[in-house]
Structure formats: structure tokens, C-alpha cells
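I would like the entire structure built from these sequences, with the hints used as guidance.
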Amino acid sequence: MRYDQATWTREDGDENADTYEPLLAEKRSTEVAVDESPLPDDLTRESVALPDPSEPELARHYTRLSQMNYGVESGPFPLGSCTMKYNPKFTEDVAALPGAGTHPARSAASTQGTLELRHHLQTYLARIGGMHSVTLQPPAGAAGEFTGILVAKAYHEEHGNDRNEIIVPESAHGTNFASAALAGYEVVSLPSAEDGRVDVDALEAAVSDDTAALMLTNPNTLGLFERDIEEIAEIVHGAGGLLYYDGANLNALLGRVRPGDMGFDVMHYNVHKTFATPHGGGGPGAGPVGVVEELAPYLPSPQIEERDGEYERVEPEHTIGKVHGFAGNWLVLLKTYAYIARLGDSGLTDTSAKAVLNANYLASQIDYEIPFSPFHHEFVASADRDAADVAKRMLDYGVHPPTTKWPEIVDEALMTEPTEAETQAALDQLARAFNNAADDSDEALETAPERTAAGRIDQADAARNPRLSWQALDN
Amino acid sequence: MSDTGRGSPFAPHTDAETTAMLDAIGVENQEALFDIPEDVRFDGEFGIAPRSEREIRREIQLHLDRDDDLTAFLGRGHYDHYVPSMVDHLADRSEFLSSYTQYQPEVAQGFLQALFEYQSMLVELTGLEIANCSMYDGASALGEAATLALRARSVDGTRVLIPELLADGRRAVLENYLAGTDATIERYPMADGNADREALADTLADDCAMVYAENPTVRGTIEEGLSEIGELADEHGALFCLGTDGVALSLLEKPANVGADVVVGDAALGLGASGGLGLGLFTTHEDFLRQVPGRLVGVGEDSDENRAYTLTLQTREQHIRRERATSNICTNQAWVALRAAMHAAWLGADGLVGLAEDCVTNARDLADRLDDIDGVEAPAHDRHHFREFTVRTDRSAADMREELEDEGFAVHAIDDHLLQFCVTETNAGQIDELAAAVEVVA
Amino acid sequence: MSFDVPDDRGYMESHEWASDEGGTARVGISDFAQDELGDIVFVEFPDEGAEIAHDEQLGVVESIKAVSDLYSPVSGTVTATNDELLDAPELLNDDPYGEGWLVEVDLADESGLDELLSADEYRDQIE
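Residue numbers (full-length UniProt numbering), protein chains in the order written: chain A, 1 to 475; chain B, 1 to 442; chain C, 1 to 127.
It should be emphasised that the hints constitute simulated quantities derived from the structure, not laboratory data.
Note that this is a predicted model, so its numbers are computed, not measured.
Ideal Cβ positions, reconstructed from N, Cα and C, are used throughout, including at glycine.
You may find that some hints are simply not true.
Said to hold, decoys possible - In silico contact screen, one side only, chain A against chain B (beta carbon under 8 Å); selected entries: (1) His103; (2) Ile128; (3) Glu230.
Stated by the list, open to error - DEER-style ranges, computed between Cβ atoms: (4) Arg187/B with Ala53/C: 49 to 59 Å; (5) Asp4/A with Gly272/B: 31 to 41 Å; (6) Lys89/A with Asp207/B: 47 to 57 Å; (7) Asp182/B with Ala50/C: 17 to 27 Å; (8) Glu57/A with Gly354/B: 11 to 21 Å; (9) Glu99/C with Asp287/B: 52 to 62 Å; (10) Asp35/C with His159/A: 47 to 57 Å; (11) Glu73/A with Glu51/C: 55 to 65 Å; (12) Asp234/B with Ala50/C: 23 to 33 Å; (13) Asp156/B with His132/A: 37 to 47 Å; (14) Glu57/A with Asp23/B: 48 to 58 Å.
Written as C-alpha cells, this is what we have:
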């Protein structure tokens, strides 16, 4: 199979030959003087210059841009740990229902229906995670991590514990380190054992009276289940620390294991990874946080609680306050609710089954070494040559490549997660892309991609000479 | 396609395919692929019944129908501006909606260009050189601005000064962003709705890292001496962070011209009332380029020496710099930024300025109407207003708010005898009805 | 792959070098370091007049995909900085021992240079 992404190129000789689709500002721009406003002149600006295309021009502009953008409906998108799966259309219609988006300052009494939906979603998520209470406020996974760590911090402070360290495995998502640091913690990095899992002895040595929490992804970023999870929980809890579950890989375990049952005290859910809300090219997401009963009094305010059939906004006793200016990314949460309702118990359990089946099937069809197993929903193959080059070549074969060069424990890593939403035929196409790239010459790899809207982009040049707006292009 | 009760409708496997795939892997069944100790396995049920699309749409509609059908005159950071249909239709194209962060720029030129255009529009509106791809909302953008101020080498001090009158959400989120630092947050007083610049001058000192002001303020008043605040901040080596929104920016003083170092806020473009889902603006000076949180799209060249777009300066970010990153943000609000850019381009400069001017005149008109009513004084502050204003009431504001709800209107009660009203083009047509209702309850 | 390790200077385990310029020292990063980092896009170093100390942070060097702290091989006062690097950080890749130097330092104590790894010792480390 071969792939040619749509491109729009002007004829050679045109002064704008180097633009695919011209920038809006290059089409038509108007400068409007602000001189007859209803405000005194000293309170207003002098003028505004903005693109000023007609609606038909705009429609064509954005349609062309969309054609130069690969989405999950364009083809397989096996970005490991990022999890790109099909986004059911009906959830978009649900979020667009009249009244779905009211103003967040509306009173509880006048929005009982919306609050009930929020409460239902809190309940669904709590059951799925084996948690006692859930907040829907964090607007993304990383914000969920930050929230969870703030909850842990508030808990320790309330109990008079002066703990200043968070332990994070070396192979964890970068957000874990950054979220813990943002909350004011020292980050203690934990090396992996030879089998790719948590080194229990190293953990034992790392925990102390300073340990506030261990952040853990399970299955980890290699797709391996942390089989020693009960012992790990015992070690962390024994030292007086809390156990944080990074929900990035919960899609591998849906209906089979719950973080709460493994001993985790606090967790976040990534709704696009686990529940198929669209990623939108970089958000909006949502990162609800679940906690065990002991931590519930620390959750952000407000929580939605039901009393005698009425839904109320309640401030938890020792709340950490707020992590979003309003009530989080509500419309994304509404899509989450609709997706969970569509799947129900049997669908959720089937999701993890098929995600793991697809990853294992794909792995069986590709000619690459996979150093760590048994993996679940994702695996990390070793490219045995520059993984970034392999990825660029895969673009030419009509698929999005996997995550590359991470985690570093695998040499030239290709971190691959096909998700449950791919057919066997699509996985075979993906496998051919892997295998063709493996057979291609070094030259073919280094000059790839050649069928995409842009050729290989010089990242060094872009970073050395940052031009971050059309105003900067003249320089 | 399976409907309900038989696995996921979005996992497309036939039984025959499942069997063939298991054979290829060399295992008996799906369960054999899970390497999970018995002890931790979950053998219970969630108790969530699968439903059909039709059932879920109906179920959710029934819930939403239980919300009272009120006309909202609410604002305070979340605004209901009309979004043209074009935005929904084009932004909903799956190549945009169902794409990921642009880690492979060669197949993501479209989204990258759209985000580059978004950044450029903010550069025009603020006059500052650097705009990022988005923050979650105005509150987290404010939090990020404060951590930037504390990191910037050119800035000393740990005090962060914020206005006494500030949306609770923004203050509370800022507190959490600073929870891991030694910074202290102090409120400076307001005079008749605007910053009390004399009081601010008294408290501003060299130990301040950042001064935050808003234009318009949370009560909708328009600041009249921002340059003075900019100069004061500059004098003491503190950053001046200005909170505003995408519509107000097109009319009010250009932030760069009043000495703003960072501009934050909620976009107020691209989405109408959406339960709090928004878009955080973040722009700053070139000097702070390497301290900027979040994603940046830049221009580079591809192998054919053509202009191409790419995420750039990623060493600032968590996936590379980990605990020393400028922020923990990863997924942001990119699709909302796309929508905001579409919305702004659809309006054009003329349309955007016109919309902003309407925000002044509509608020003025409504205030004039309300001021004629016995028992209320509008606006409560003797200032110019943008989109919203406060109203002094003889009766209890809380009681009046509740009674207005019975009359079909949602408004803010922000103090014992203060209501707040926000008017945009989406509710301006109901000003008469609102005024009549206020007359009833005043 | 073999890396250039000139004999006329001393090295740090963290891959910085210092060369004796008679009372002052020139400081930079090694060929091995620039290769490990890949395309360098940004470098940050102290201003002229700054006091720096052996093994303390000297600055930061960034490539597209990595960030690395720089540690000072010597103690003293910065007397010159290579401002060319601000516009052309690629000099660090192209000529790490020549045009890609970072700063010059007026040595607080000339014997400090003797404590650095010799070229042979450093070669052993990176092999």
C-alpha cells in the first residue's frame, strides 16, 4: 500500500512557491482603526490588523489544512502510551445537544439534570477504578496527576507528616516528574530491574520517612504488568507513603483489575485513552481523579453529592481548593459518559481484551526484536537502526508510526499501541509498514518521508531560529 | 455490527478473526494474554448496563431537559458569544478532531499551520512576540504566569500581588500552582471596581515577583491606568501580568503598550457556554521564550526547502526536561485554539472590533435600563464597562437572584447587595424581559 | 566511533574541557559531548564578571531532544564569553575545541587545571 497525502503547491516561479496552503495573513488582511468606539480614546487601542477572508475562502482554507493532517480515520495510529483509537460519532452529537453546555455559574437548583449526569459519571469512574470518590475537575491527564499529588500532600500535611519526596520509576511518563515537581516535591528516580519492571529491592532502599508517594503506571510503559504490585504497595504503605496510579494504561486492564484493588490510593483517568474521547490534536482532554475513602475529604471543590434525590455542590472538608477555573472540561466528560454507557460492563471488558489481542497479534507479525514481554496493550520493539528514520519511512506506507526513542530502556525504541479499534486487516497493513521499513535501505530511510505534505523537517533550524508567528517571518 | 451486550461495538473483530489472531500469536484464548496474578484480579461487575446510541441520546436529553430553561446573564470569565456554524462543521472534520499532538509534523502540517495562525493572531492582539498553543483556561494560565515569574532570571522576589476582586476560580487555581514554591499571594485593594493604584504603589516593592491586573476586571470595569501599573512593576523588577480575553483585546489598550510582560485569560472565542470548557491564552515577551509553558509551533524548512511547520523548543517540556520542565502540561486545548482562530478569522478585524464595541454598548444599555428601576443602582461602579457590570440592590441580592431564576433568568449574586449581569449578542435580545423581571423582584 | 580528544587540555567526567591560556582558561565541551547531544540549538552561559566554581553549574546546552547541564572545570571569574554561539549554536557541533568555546575564566587558582582528567584518562572514560 502506498500513501500520498494531499498537498497544495503553487506553481514554481510564484513568489509564494514555498507555501502549501498560504497563511491566512497572506490571503487577505485588513487593518481596522479603532477610532469611533463607545469608549474614550485613551482606553482603546489604535487599530487591529487581522485576516479577513470570506466564509467560502475560510471553508476551503480549513478543508485543505485538514487534508494535510493525518487523523485516526486516515489510517492506523499506533502511538504507544498516547492511545489513538476511533472516536464514536454519536458522542459528538451528545455533546452538541441543546442545553449540554450551560454556564458553569448556573445554580445547582436550576441544573439538577446536568449535576445528576456528573454524579453518574463520578460513580461510573469510581466503580471502574475501584475508588471511593472521583473529581471531574482536572482538565487533562497531567492536571489529574498534579491534582492527585496535591491531594496526597494535603493528606500528609493534615497528618503532620513532613514528607518531601515522590518516587517515580525511570521509565515513567515525563508528566509524572513534572507534576510532582510542580507540587513542590523532590523527585526520586527509580531505576528499572532487568526484567523491565520495578526493582523491588531498589524501591525498598528508596522509601523513607520522606516518601510522600510512589507514582506508578501499570501495565508500565513497556506494556508489562507489575506483578509485584502487592509487595510494592506494602513497601510504600509500610513507609507511610501513598500509592499513585497513572491511569494512562488503564485501557489494558478494564474490567480485569482495578487500581483500588491493587492497593492504589489515588489515580487519574485519561478519558481519551481509556474512553475514546477525541484528542483534538492536543486537547481538550479531561483527567478525573479517583481516591480511596481516606483521601476523599481532600478532593477539589466542589464535589457533586446526592442527598434525598437532590444533587448538590459540596466543599470537601479539607479540600485542596480548585485545579480549574470552572468545572473542568465538561463537554469532554459528557462524551466520556456516553461512551461508557454505550459499552457497559461487557464492552469495557472486551475493550481490554481486544486491545491486548491486537498488540500481541501485531507483535507476532513484525520482524523486530521485542526485548520485554509478556506485554499487554502495547509493546516496545527495537528498530536496530535509527527509530526516528524508521518512523518517517512508515509515513510513506500510509500509517502513522509508533512513539519513537522512548522508553530509553529499549535501544531505538518503537513503542507501539494499535488499540482495540483496528481490524486484523489494518494490523496487517501496519505490520507491512513496519517490515517494509525494516527492509528499506538506509538512504530510503534517511530521505523519508517523500509522499507527505511536507518532506523531512529540519528541527534544528526551526529551534535555532525560532519563528513563532507570521509577524516573525519577515525577519 | 453488534448492538449491545456483546463486547465493544468499536472493537471490530469477528469471531473468526479473533480465532485466527489467537492462532497466529499461539495462545488458546484472550485471557491467556493477561499476565496478572490471581490475587489482584477483579471478578465483580461495574453494574453498568450497555445501551444503544438511541437510548443514550434520549437518556442524556432527558437529563438535560431537567435543567431549568433559563436565559443566562452570566459571565465572570466564561462568556457565551455566538459561534458561527462554519466553526463546528470545519473543526469537526475528523482529520482535526481525531488527530494527536503533532509529533510527526510531516503528516500534521494542517493542524500545525492552524495553530501557527492562532499564535500569530494573539501576537497581533497583544503586541507581545510569543504566544503558545493554549493553556487549559485563564486560571491555569495565570498560575503558569506566576511560576514563569518565579523562574525568570531577571526577576527577584517571591510576592505575587493580585487584585482584591478576582474570580474565586482564578485565585484558587493560582494558589495551587504556587503551592510548591515559596511564593506568597497578596491582594491589593480596588477603588470603585478598578485597581487602587496608590495602594498598589505603596505595597509594590523589590521583593515582588509579579503584579496581576485584569482588563476588563472580574466585575466588567475597564481599567484606566494600566500603564502606571506597568511602570510601577517595571520600576521594582516585577513582571506585569495582564488578564483579559480574546474579544476585549481587540478594543481595549494593547497590552504591549501598557507594559504587560505576560498576557493571560480565557479566549471567549470558538466556544459558547460550554459548562466551563474553555481556552487559556498565554502570550509573553521574547525575553521569556525559554521559560514559556506549553507547546509552541514554529516555522522551519523541509527537505525541499519549503516552508513547513513543526512543534519547536520542546526541551522546555515535560517529556524531555521532566521535573525541570517549564510546566507539567501535555495535552492542552489545541482543538479549542483551532476553533478560536476560525472564529476570529470569520469575524475579521472589523467583525471582532464590532463585537467588542457591542460589549460596551450592550452593557451600557442594560445598565441604563436597570438604573431606572426603583431599588437598584446600575452600574454600581462609576466606570466604563465591558460586557458585564454590577448592580447595587436594596433587597438581598441572594433573594433577588433566586427570584429572578423563577422569572427565567440566571444572574450572579456576588455580595449581600450586589448582583452582576453579563450581556452578549446571545442574550441582548432579552434585555426588555430581563428588565421587566428585575422590576418585579426589586 | 572515535572522538577527538586533544592532549593539550584537561577534562571533566561530565565532558567539559579547560585549556591553559596562561593565567586564564578557556572552557568548552568535548567532541563526545556534542555528538551525544546531537544538533545543538541553544546554549546558556554566565555573563562576563560572573564568579564560577569548579564542578558547579556553568550553564545549559540544549539540542532538539535533550538538555544538559554544564559544569565548570575551573574556579574563577568569567572574563569573556563566546557570544557567537548565541546566534550560531551549531559551532558547538562543528568545532567544539575551537570556535565552539564557551567562556574564558580568570583562574582563582592555576593548580585547579591539574586536577582535571588528562586526555588519556578522559579517552578511557568515553570508550
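Comparing the hints with the structure gives:
1. His103: 4 Å, holds
2. Ile128: Holds: closest Cβ of chain B sits about 6 Å from Ile128/A, inside 8 Å.
3. Glu230: Holds, because the Cβ-Cβ distance from Glu230/A to chain B comes to roughly 6 Å (cut-off 8 Å).
4. Arg187/B with Ala53/C: 49 to 59 Å: 41 Å, violated
5. Asp4/A with Gly272/B: 31 to 41 Å: 38 Å, holds
6. Lys89/A with Asp207/B: 47 to 57 Å: Cβ of Lys89/A to Cβ of Asp207/B: about 55 Å, so the range 47 to 57 Å holds.
7. Asp182/B with Ala50/C: 17 to 27 Å: For Asp182/B and Ala50/C the Cβ distance comes to about 24 Å; the hint holds.
8. Glu57/A with Gly354/B: 11 to 21 Å: For Glu57/A and Gly354/B the Cβ distance comes to about 20 Å; the hint holds.
9. Glu99/C with Asp287/B: 52 to 62 Å: 27 Å, violated
10. Asp35/C with His159/A: 47 to 57 Å: 50 Å, holds
11. Glu73/A with Glu51/C: 55 to 65 Å: Cβ of Glu73/A to Cβ of Glu51/C: about 59 Å, so the range 55 to 65 Å holds.
12. Asp234/B with Ala50/C: 23 to 33 Å: Holds, since Asp234/B and Ala50/C (Cβ atoms, about 24 Å apart) stay within the stated range.
13. Asp156/B with His132/A: 37 to 47 Å: Since Asp156/B and His132/A have Cβ atoms about 45 Å apart, the given range 37 to 47 Å holds.
14. Glu57/A with Asp23/B: 48 to 58 Å: Holds - the Cβ-Cβ distance for Glu57/A and Asp23/B, about 54 Å, lies within 48 to 58 Å.
Of the hints listed earlier, those the structure fails to meet are numbers 4, 9, in rising order.
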